[in-house]
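The listed protein sequences correspond, in order, to chains R and Y. Here the first sequence is numbered in our numbering, starting from 1 and rising by one per residue. Here the second sequence is numbered in our numbering, starting from 1 and rising by one per residue.
To be clear, the hints were calculated from the coordinates, so they are not data collected in a lab. Computed from a prediction, not measured in an experiment: that's the story for all the values here. Any given hint might turn out to be false.
In silico DSSO-like cross-links for lysine-lysine, where the CA-CA straight-line distance does not exceed 30 Å [said to hold, decoys possible]: (1) R:Lys172 / R:Lys117; (2) Y:Lys8 / R:Lys190; (3) R:Lys16 / R:Lys37; (4) Y:Lys229 / R:Lys190; (5) Y:Lys61 / Y:Lys285; (6) R:Lys10 / R:Lys37.
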Amino acid sequence: MTVLNIALPKGRLGEKVYRIFKSVGYDCPAIEEENRKLVFENPEKGIRYFWVKPSDVAIYVERGAADIGVAGKDILLEYAPDVYELADLGIGRCRMCVAGKKDFRDDLDTTLRVATKFPRIARTYYSSLSRDIDIIKLNGSIEIAPLLGLSDVIVDIVETGRTLLENGLEPKEEIVPISARLVANKVSYKFKNDAIRQLVEAVERFQPEEA
Amino acid sequence: MDAELFLKNEERAVFRLRELYRRHGYLPYKMSKFEEYDLYVRNKSFLVSDHILTFTDVDGKLMALKPDVTLSILKNCQGGPGLQKVYYHENVYRTSPASHGYREIMQAGLECIGTLDDYAVGEVVMLAARSLESISGQYLLDLSHLGVVAGILAAAALTEEERQAALTAMGQKNAPALRQLCREGRLPQGAARQLEQLANLYGPPAEVLPLLEQMDLPAASAQALAELKALCGLLGQYGLGDRLRLDFSIVNDMNYYSGIIFRGYLPGLASGVLAGGRYDNLLRKMGREGGAIGFAVYLDQLERYNTPPRGCDVDVLLLYDDSRTAGEVAAAANALLAAGRTVRAEREVPAGLQYRAVRDMRKEAR
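Only chain R is shown next, with the shape it has when bound in the complex (with noise of 0.2 Å):
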């Protein structure tokens, strides 16, 4: 029996994934359990998941150390990997924004400085406008960087909005819609072709109820 390697992002969001996946048939008992493992099997489901960082899903689903993956768009659009995208799941949604402190007017006659976790994201969007900026690559605490003066925006994910809010920042444009998506390994694809369209054709028929 094919056995399939399934990369689940650590965190909030692949727990619902897990949920998902386990709703529609591929429950992995040992998963539920509170150990220190990094590996679970379910022999009878034919399936193996695992844990990983959220942005090195991509990168284990590239590779075929994962034959599927779950991951947000704005990885997948920030490291653009040579994989399938098979499904939307339609959960973790939230926008890739341009944002700002609230009195900010953009000066056209000067390089917008641009702090981001994603510079391919927002190098890619600003040469679409053929607007010059000056990329600010941070890991993390994005919004302080237009409160100490370190950039004139940012570009960064929003979900509600809170954050900015509370640091007296504002979305100014989206870039684009972010939601959690199916990848698949291509080579995988052809090897356990009927077990991934399986699996996703379960998937995509699940409804989620929040959606």
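Using the hints provided, position chain Y relative to the given structure of chain R.
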């Protein structure tokens, strides 16, 4: 002892591929490692990666380490009666997004250039399948015809930007993105539905072709499909039917490629090991008439293919010291070699060497 045991996967594959191509009348083509940079600038988007290693030659000319073999063959091939059938085995230098730097990639492959007919095209695709077969019987060869997708896109009259977006979504088998394009009014509904159907199709020709024929495709697509069907028939005659898969998500740059296109895969290797197709458009860009089809096998990928973990480095470690003459050591080594063992002669045990047995001449009575 079987000498082939000492060969690495890729070296063994090269032997078999050379033999395969020679038997079908393809001639070897050896070229220089360098090429004028100019050749690649003019055809940059034909290349897999757009980074090229360059250097200045002694006469001041800007040169490049070959990132690709096909362009060099096309440039140097002379026209004339009949087809030009050549094969090569070369190293190329290119980057890949996953590797963060230049890598040397060992390639073997062949090209068939001239007035192509159904037989010539079929022969090249058959040789691609046999190349994979010589490495593993479990291979899969994905086959497509660019004209099928191109026909649908042409009938939809899209802008260049919309066309690119649709092709990108096709390449990812991204049905949600195709639907999104349709909702945004950037792809007509009929085209979006047909592309989605095509993206989701994957299977052996016998399974997929009947489904394709039920689709109400534009005339240009239907003609491409007929060509694909005829090719599948011919490949079936070669006995290759069950390792073939039709997959319309293979979308190469249509400025260069046209018609039949294919990719080869081996189980357990995370990316493709063979890529090829028909590139009449590139030939035309270079001012030549006729057609061209070819493929490359990425031999460097085989390095990790079914390689057993490193075991013993040598059967017998032969230890000696000054009490032995060179002639005595040689005689002892020869005796072991004659018995089919591998031997390493040393004065002391080298660090890190794994050996099955040791023969210590230092302790043996004279």
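Hints, one by one, checked against the model:
1. Taking the CA atoms of R:Lys172 and R:Lys117, the gap is about 17 Å. The hint holds against a cut of 30 Å.
2. Straight-line distance between C-alpha atoms of Y:Lys8 and R:Lys190 comes to about 27 Å, which keeps the hinted pair within the 30 Å bound.
3. Between the alpha carbons of R:Lys16 and R:Lys37 the distance comes to roughly 19 Å, so the proposed pair stays at or under 30 Å and holds.
4. Taking the CA atoms of Y:Lys229 and R:Lys190, the gap is near 21 Å; set against the 30 Å cutoff, the hint holds.
5. A threshold of 30 Å between alpha carbons decides the hint, and for Y:Lys61 with Y:Lys285 the separation of about 24 Å falls inside it, so the pair holds.
6. Straight-line distance between C-alpha atoms of R:Lys10 and R:Lys37 comes to about 13 Å, which keeps the hinted pair within the 30 Å bound.
The structure is consistent with each of the numbered hints, conforming to all of them.
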